[in-house]
Amino acid sequence: MSENESIKISTKNVNLYYGENHALKDINLDIKTNKITAFIGPSGCGKSTFLKSLNRMNDLIPGCRITGQFLLDGEDIYVPGVDTNLLRRRIGMVFQKPNPFPMSIYDNIAYGPRVHGIKGKAKLDRIVEESLIGAAVFDEVKDRLHKSALSLSGGQQQRICIARAIAVQPEVILMDEPTSALDPVSTLKIEELMNTLKEKYTVAIVTHNMQQATRISDYTAFFLVGEMVEYAKTEELFSRPQDKRTEDYITGRFG
Amino acid sequence: MEKPVINSLTKKRRRVSDIVLKVLIFTSAAIVVALTLGMIIYIVVKGMEGLSWNFLSTPAFSYPYENYGVLGNIVNTLYLVVITLLVATPIGVGAAIYLTEYAKQGRLTRIIEFTTETLAGIPSIIYGLFGSVFFYNIFKVNYSILTGALTLSIMVLPTIIRTTQEAIKTVPLGYREGSIGLGAPKWHMIRTVVLPSCIDGILTSVILSIGRIVGESAALIFTAGIAADFNFDSIADIFTKVMNQGGSLTVQLYQYAQRGGSEMKYAFSTALVLLITVLIINICAKLVAYRIRKKRSV
Amino acid sequence: MENITPATAVKSQESGLRSGKSSIINVRERMMKYLFTACGIVAVACVLMITIYMIMSGAPAIGKIGIIDFLFGDTWHAKKEMFGILPLILTSIFGTLGAIVIGVPIGLLTAIFLSELAPKALKNIVKPAVELLAGIPSVIYGLLGANLIKPVMYWLEEIIYKNDPTHQFTGGANLASAIIVLAIMILPTIINISENAISSVPNEYREASYGLGATKIQTIFKVVIPAAKSGIASGVVLGVGRAIGEAMAIILVAGNSANMPELFNSVKFLTTGIVAEFAYSSGLHREALFAIGLVLFVFIMIINLILNGILKNGGKKGKSEKPAKSKV
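Residue numbers (the numbering used here), protein chains in the order written: chain Z, 1 to 255; chain G, 1 to 298; chain H, 1 to 328.
No wet-lab data here; the hints were simulated from the structure. Please note that the accuracy of each hint is not assured.
For lysine-lysine, the following DSBU-like pairs were computed, each having C-alpha atoms within a straight-line distance of at most 35 Å [claimed, not checked]:
no., chain 1, residue 1, chain 2, residue 2
1, G, 22, Z, 97
2, H, 127, G, 265
3, G, 186, Z, 97
4, Z, 119, Z, 147
5, H, 123, Z, 12
6, Z, 123, Z, 32
7, G, 169, Z, 97
8, G, 22, G, 169
9, H, 120, G, 169
10, H, 216, Z, 147
11, Z, 244, Z, 233
12, H, 80, G, 295
13, H, 80, G, 169
14, Z, 189, H, 127
15, Z, 119, Z, 25
16, Z, 233, Z, 35
17, H, 216, Z, 200
18, G, 286, H, 33
19, H, 79, G, 169
20, G, 186, H, 229
21, H, 216, Z, 119
22, H, 123, G, 22
23, H, 229, Z, 123
24, Z, 244, Z, 119
25, Z, 121, H, 312
26, H, 123, G, 140
27, H, 216, Z, 142
28, G, 169, H, 229
Full structure from sequences and hints, please.
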């Protein structure tokens, strides 16, 4: 990891507790700008929890306590006075289950910009179109922008959600197992999309699927029961794992 | 896409509309609490004036006029509650059993469910009008406790059907399968498995119904009437009473309030008696709900 | 139960008594089934009987008075045998609208408070208050209205109409008082149903909205409320049904003269007209009261149909929903 890449998010000694449960232990990890970083590991290993704490979605869970530092471009996101809404505008999120709002495709995409005070039809029209193009779904929906987003297929819905996330022009996009609810064809489309997304955005993705991690990510972090066991360039981690537990996991001995 | 100008994370934006809406939301909730509390306090304060043991134990507002009391109305209300429940509970529970256990998803089920909804939406004054004509045709008396109770039975039917239905639906499929799998006939299964495990639900529906009966007035004025006679000279009177007029507590309250003046304080005393009854009913409903939750969580 | 295993086949051959016993069981089973079916049909029969009786007892008067004179006549004067119920109909409609205009915002905001914002301690105060409000008998609302709201309205009336010699002073027994009482009465209905609708909005919508940097309030008003709108609408319709059918709560505060609805007029609702005059009515007058009942019944049936339509549409939620208008 000696290459000259800039760091987008850096976490230092992060510990997270759900009540008594120590869910993340001393995580130190740097997410590189304009790269895809994958978090892998068995269920319940803390990878999703870690992802969600990057834009403070865990704040919504009662009893959740976090210590340590999260630096976004060097600025701590957990100090008092941080505007979480502004933070989440800069670090967007795509969820496991496609969750478009029960409104039209157009309104789904325009939701974020509107929330952040962007008005004017022409401006919104442009943002909606650019976002849909950016999420590689424009051609499929351009004739039905004012139909309900729920009428689309699961894969299309997920790309709508990606378009919705990029409509607020974030710097980082967090993806929480974005393809686990989708069929292989839709999954492939989203994986292709991610490769173009990283030109503009920094992407962090949680995935169950190790093949997916090898296909799309530049860096991979392996989590196990709340610990980050190993973090390296993806091809290194999969070809020459340094830790025995990583090796066991990627060779399918457990998980 | 032009890059947005992003300020430092700690530069918090205050959204005026957010604050205004939040204030409105908290104000609304405060209004609701203030209304309820205000009403209760007012009734208690005003009601204590005329409330006395004498008021509770005097049979009726009768000659001489200084003699005010609600004992007769309390008894009438009890009559109404008991008869209404005796009629409505078996029918309501039976209908719920039919809907959940026997009926196939078809036209009849839809019609029954639709009519149950309809019954729930009919205002009590319509029940009053209907009851006064329909039961007059049967009993040939203008006002009677029985007429009132039968009218109320129709009125509380939707409550009992729906609440029981909900309770039956929560009986785990496994219980039923266990029974049917042993070759038990359906009624046997219902009697031994379904009904015992939703008895609390039926109890809830009964408590809710009592609340409605005690609070009802418009459906009773034209059916059960307004008088509060209190003649229990022989045992037979206990039974013949059902064919006499019988004004409930609410109807008596209305009469006191309508006449106003010095009788207003008795209206409030009656209101206090009603309020306490409603409170007790609410608490009972809570206790049953708590019991249900506890049982489920085991 | 169709597949007869060898074991059961043998068993039924073995014991001759068995078939006798099982036929008794069969008869009992069938009887119970008929009994329960009959119970189910009682509800249907009741609605049918109510409909038939309301028509039978209401239609003759409409025939005698003439449907146009009855529905659109602007004078209700029993002694002069003038039975025009237009003032009553309009009073019921405006009274209900007024109650909705006041009650729905307060109710909806309280529902939002309960399901989205309330800390547990506060929720434990507000929720029982709402339950109690729902349980208080309507005649008590009337009593309190007469004692508390009427004086306030009279005070207002005196200020507003101080220099108006044509105004008939109502002493506070007027449409405005009735609207306030109705608005309070429908609160529990609106609150409970809206709260249910709001709580059943999937959490994913909230998460997605927060994930885009929306504030809690923005999320509530731009995502949660639009997603719950069919449930909220059914709460409002139920509130309309409750308000339009209410009699005892408003009879003591509405004034009971059949004037056209104006806030500070003494007015007669469809419901209060019936209650106030039923006891001393006879002949055509009583028949006319039943005809009012029939009109009210028709109103309620229409409301029921609307409600049904909303619930059905709510069932296939989202499929054909128009883009939600933002509220903020």
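Hint by hint, here is what the structure shows:
no. : hint            : in the structure
1   : G:22 <-> Z:97   : holds (31 Å)
2   : H:127 <-> G:265 : holds (30 Å)
3   : G:186 <-> Z:97  : violated (42 Å)
4   : Z:119 <-> Z:147 : holds (21 Å)
5   : H:123 <-> Z:12  : violated (39 Å)
6   : Z:123 <-> Z:32  : holds (31 Å)
7   : G:169 <-> Z:97  : holds (29 Å)
8   : G:22 <-> G:169  : violated (39 Å)
9   : H:120 <-> G:169 : holds (29 Å)
10  : H:216 <-> Z:147 : holds (26 Å)
11  : Z:244 <-> Z:233 : holds (17 Å)
12  : H:80 <-> G:295  : violated (65 Å)
13  : H:80 <-> G:169  : violated (57 Å)
14  : Z:189 <-> H:127 : violated (48 Å)
15  : Z:119 <-> Z:25  : violated (44 Å)
16  : Z:233 <-> Z:35  : holds (11 Å)
17  : H:216 <-> Z:200 : holds (29 Å)
18  : G:286 <-> H:33  : holds (33 Å)
19  : H:79 <-> G:169  : violated (56 Å)
20  : G:186 <-> H:229 : violated (41 Å)
21  : H:216 <-> Z:119 : holds (20 Å)
22  : H:123 <-> G:22  : holds (16 Å)
23  : H:229 <-> Z:123 : holds (28 Å)
24  : Z:244 <-> Z:119 : violated (55 Å)
25  : Z:121 <-> H:312 : holds (34 Å)
26  : H:123 <-> G:140 : violated (52 Å)
27  : H:216 <-> Z:142 : holds (31 Å)
28  : G:169 <-> H:229 : holds (27 Å)
Of the numbered hints given earlier, the model fails hints 3, 5, 8, 12, 13, 14, 15, 19, 20, 24, 26; all others are met.
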